[in-house]
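Number of protein chains: 4
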Amino acid sequence: MAALMFGSDNAVGVSPEVMAAISAVDDGYEVAYGDDQWSLGLDAAYSDFFERESFVFPVTTGTGANALALAAITPPYGEIFCHQRSHIFTTECGAPEFFSGGARLVTGSGADGKLTLDGLNAYVETHRPNNRHHLIPSALSLTQATELGTVYTPEEIQRLAEAAHCAGMKVHMDGARLANALVKLNAPPASITWQAGVDVLSLGTTKNGTMNAEAVIVFDAALARDIALRHKRAGMLISKMRYVSAQLLQILENRLWERNARRANEAASQLAAILQGSGHALLRHPVETNQIFVELDDAVIQALDAAKIRFRRWGLDDPPCYRLVTSFRTAEREIKAVEQALVCLAVPPQ
Amino acid sequence: MAALMFGSDNAVGVSPEVMAAISAVDDGYEVAYGDDQWSLGLDAAYSDFFERESFVFPVTTGTGANALALAAITPPYGEIFCHQRSHIFTTECGAPEFFSGGARLVTGSGADGKLTLDGLNAYVETHRPNNRHHLIPSALSLTQATELGTVYTPEEIQRLAEAAHCAGMKVHMDGARLANALVKLNAPPASITWQAGVDVLSLGTTKNGTMNAEAVIVFDAALARDIALRHKRAGMLISKMRYVSAQLLQILENRLWERNARRANEAASQLAAILQGSGHALLRHPVETNQIFVELDDAVIQALDAAKIRFRRWGLDDPPCYRLVTSFRTAEREIKAVEQALVCLAVPPQ
Amino acid sequence: MAALMFGSDNAVGVSPEVMAAISAVDDGYEVAYGDDQWSLGLDAAYSDFFERESFVFPVTTGTGANALALAAITPPYGEIFCHQRSHIFTTECGAPEFFSGGARLVTGSGADGKLTLDGLNAYVETHRPNNRHHLIPSALSLTQATELGTVYTPEEIQRLAEAAHCAGMKVHMDGARLANALVKLNAPPASITWQAGVDVLSLGTTKNGTMNAEAVIVFDAALARDIALRHKRAGMLISKMRYVSAQLLQILENRLWERNARRANEAASQLAAILQGSGHALLRHPVETNQIFVELDDAVIQALDAAKIRFRRWGLDDPPCYRLVTSFRTAEREIKAVEQALVCLAVPPQ
Amino acid sequence: MAALMFGSDNAVGVSPEVMAAISAVDDGYEVAYGDDQWSLGLDAAYSDFFERESFVFPVTTGTGANALALAAITPPYGEIFCHQRSHIFTTECGAPEFFSGGARLVTGSGADGKLTLDGLNAYVETHRPNNRHHLIPSALSLTQATELGTVYTPEEIQRLAEAAHCAGMKVHMDGARLANALVKLNAPPASITWQAGVDVLSLGTTKNGTMNAEAVIVFDAALARDIALRHKRAGMLISKMRYVSAQLLQILENRLWERNARRANEAASQLAAILQGSGHALLRHPVETNQIFVELDDAVIQALDAAKIRFRRWGLDDPPCYRLVTSFRTAEREIKAVEQALVCLAVPPQ
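Protein chains in written order, with my numbering: chain A, 83 to 432; chain B, 83 to 432; chain C, 83 to 432; chain D, 83 to 432.
Source of the hints: derived by calculation from the structure; they are not laboratory data.
Please note that a few of the clues may not be correct.
Any copy, or any two copies together, can satisfy a pair, since identical chains are not distinguished.
Stated by the list, open to error - Derived SDA-like pairs (lysine to any residue); straight-line CA-CA distance at most 20 angstroms:
no.	residue 1	residue 2
1	Lys390	Asp109
2	Lys418	Gly89
3	Lys390	Val425
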């Protein structure tokens, strides 16, 4: 049963509505490089979504979006403060360093993948003003939802962003799973982005159901101009852009983003409950979106393996930690399959 | 008749076979980031195509492919010798400089967009060995087909590449329209790439009928390792890579690349003949592939405009030069429409 | 007589006053990295010199000064417009590209090493606003005195700087031989720098009599802050800075800079007159400062060679061009030696 | 008594022999940019010193030397493993990141400023081969003597270098205080550099008695060629190079380096003994060269302050740590002054 897969939300295909949108634009001639009707409509659509004038730069990878976004707010002599588990630090092969011209990532810790205000303040305080020998704090990067599946509340973001701004830093949000966070918080998009102090957003839609469609979004015209000039230079200005832009529009249609994220989050909840119900699993972090990080008894691992239910060991921790990820496409029968695989392990009613 | 468009071969949609291939992979789970079955098959498919072990790195833009390719063969203190009309110099917003860490593009001239052996030799001779103050010749970049629609013969490439290698340079080919060149030359892919001395190839398939699918291709394992490490860092390692890889495979199936390129080239031939037949057009360069560069009398411009036949002025030359580009999708009726629009201008038989 | 040398104004030693200043600070303890009393006095001394608040960043090479200066006013996606003979383009091994993160040098021409307003305007006009594919005009770099020994008048600089500012560019001056230009023009330092629109100056004093003492000087606090942060990162923040700063102060004392430059300029005048008087020399450019560019008959070359008078062929021109450079240390006897060597060639009085 | 200063070994002047050497070359004309007789003699002199063919690149700052050296052995996608207290990480404002094109510093710990083999191995093991998402281990940087005044033995270096080479890394040594380490170890220069596996050395002589004279030294011709091409581009190729080269030669004459370093080390020993003898000081690290890191009772601080004996608090530790640095110029009376200042605090004989 190859279809059983909790390995990654990059491993699923494309939302049918999105595939239809791609087909729908595949007709006739359209100006390339962003001057087609769909691309030209992005700013308006996302301005509506964010309830504020927004500037949208489509790209095809999340790493590209993050690197482009960070380069726009970090001088070469700047530091980017981020969580030690952040994707920009662990899994992007130095893209932020490359695009910024050699800025430095400085990592903080914090439970459940979330930076803390204390941690940020402590970091800032290690920098003396006018020291000629040190890089300067330039950017704060928050991931929403975090790499450990948790979410920052609007208030948490606001407090962190305020402290960052006070220290002369700009705020970046890696929103590879922004939709999942929005669903969890039941909050308007504005509330966890610009209203909370986010200056530049990497908006991911690939994990939410599109075919490699991501975007850098800013809420300020000067920043937008800088990014526009870095966009082509980065090799990220897509020629037949309509195929990407149409997806970025479609995901907003009838709140497709929300339906997809809701399904993913719900599936994760169900899955987490099943795992916990087995009595042989220990959740490492609260399951707030579509990722589960869990310690599993060998019996569980064997049972899932026997049922060909795939997922991945995560990191090098001892005892090992495993990650299960759900998506908009996670089927009821996939959840059921886990349940059945573990049924024999369940703690008997007392 | 908005569908009439000779503005760009980026302006057309996607080949039906390619769209079908995209749909065909949109099912079930697949490992992300290049470990899916389609992506894993790319090396073999292109090794077959090029008749030599090939390493394929899918990307989504031609500028990205060029920049990644050039960075792998040019140290920061290197110079890249290219035609003054080359896309890497005129239209990529400094991507080669960025990716290489500040290498310099040095431009040569040459009729019809083609560098000459004399020009290359003259360039090399301006460099004295062991001069501490000068960048060193590091890369030769050839565009095939050229930006002016012409092609290098295998022998021309071979001679240029040999001279470049003698000077310690590596050879890059910008193959955004490689298929069009292959059809024109009726030559095997090997003959204008590695056999002729090309070290790294940017293979474009977008203009040939795909949806933003390009690739960097190398024929050497050490170069491949370097590019593999730059790929993610560049923000170009696509997560749902199967959707791009499937296109790169499909374009090879039943020589789709050839059929598409042949149609584009033929349409350009027909169009050029019609323009010339009008007695009011002067071709600026031989029409060897799918691009026409032409001076047009006002009467022609007005006639085409009245018929809503779109194309673009090219550059700032005086008298103006116009570019018409055909594609795999150029329809007979589009060619006919031009013919009809110009029929009244035709030189009467004497 | 090995001491005869018109090869370069880098080939001479150090002004005695400067050597004395170096010895004078070589005593006791001083805070490193610019917090010593001499370094701390630089801003005031140069503010006085330029009649405006100035921020001084000592470095030890002219290339370093230029690269640091240009990086502060050119984004990675910017273009630097400079003369095709400019040192930053011909002889700095890509330092401006490196320090700026991959900006591009675009060269203009102009008689006698001077850019023209028409040339600058023509360059600017090739850029269309909001083009996503092109680097943008960001910096104008002028060399004063030029690489060909000529000088821009204050009015010329002003007109060029005004046009540059209108185009959104900042203005850099490579002042490796600023003192020579000031003497020639008999103009106050302000008049050819900030008053004329120069935003950032590379001030060279090495050719003027110091031991590798150069500086980046800006007249704006925001620019100063940016440079301060790039200074250490560039590997240019000198630890025992007092030894460099003392020289930068000494060159101002009793207008040493002026005396030294005046001697160099006068020697060049004398030398040029002698060469012309021989009837076998053709000046290629007006001799306005301390450099002579000249075509020489074989008889002259042989006569000078026989007298062990050394100088260099310059560039690859045919007929060959030769460069003779004088300095603050050029002795009367050295000039006389040339005169004597050529006396037999002199055109006899009619 | 302003002359009393244990603040930094950058705070002292220049060794008289070195000053004499500078004066000695200040005569007549010499070719610039390294083709003078002194510069041309550097390779031979240091080949003799290191007992192996050596290539010497003079620069004027230690940060410059480190950045240039690291850039030559670290690709942009590489990681540099270094101690968390290393100067390249803490105090160079991101120069290694800048010069390498965005490589990443990864820090290890280890007592007394020394990396351990276990630490290195653990670092290497976190990298899986062929992972597309991670930077790769590229360089190991060791500081000798360390930033905490300790030294690596030849065997320790050898073991670390061997492990690094096995992992595909090159080895850099920051030898800002190499002479102090050599004196402590009483070992030949070869034994702690190339013989122990060091690929590229930053040799500092400034703290050892010169006036801003440092060098990058390599033992391999291919590496030398790469550095030669980065040297000018870095703004580090000095025009009147003889003044720097003469110092680099002079420091070798009659083992001046050794005498100077010995004096500095001895002074530190004496000083440490006095501090410890006071009964109010706790050494934080073994005093092996010319730096003392010590916790001091308030009484000591007040006594030293009253005697105008200056030194610096080091870092942000609590309880505070203080650094006292000696140099070749530390006078007996300076040591005595400390002794006298603390005499009243000394623990009375029981």
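Going through the hints against the structure:
no.	hint	in the structure
1	Lys390 - Asp109	between (41 angstroms within a copy, 18 angstroms between copies)
2	Lys418 - Gly89	within (17 angstroms within a copy, 54 angstroms between copies)
3	Lys390 - Val425	within (15 angstroms within a copy, 69 angstroms between copies)
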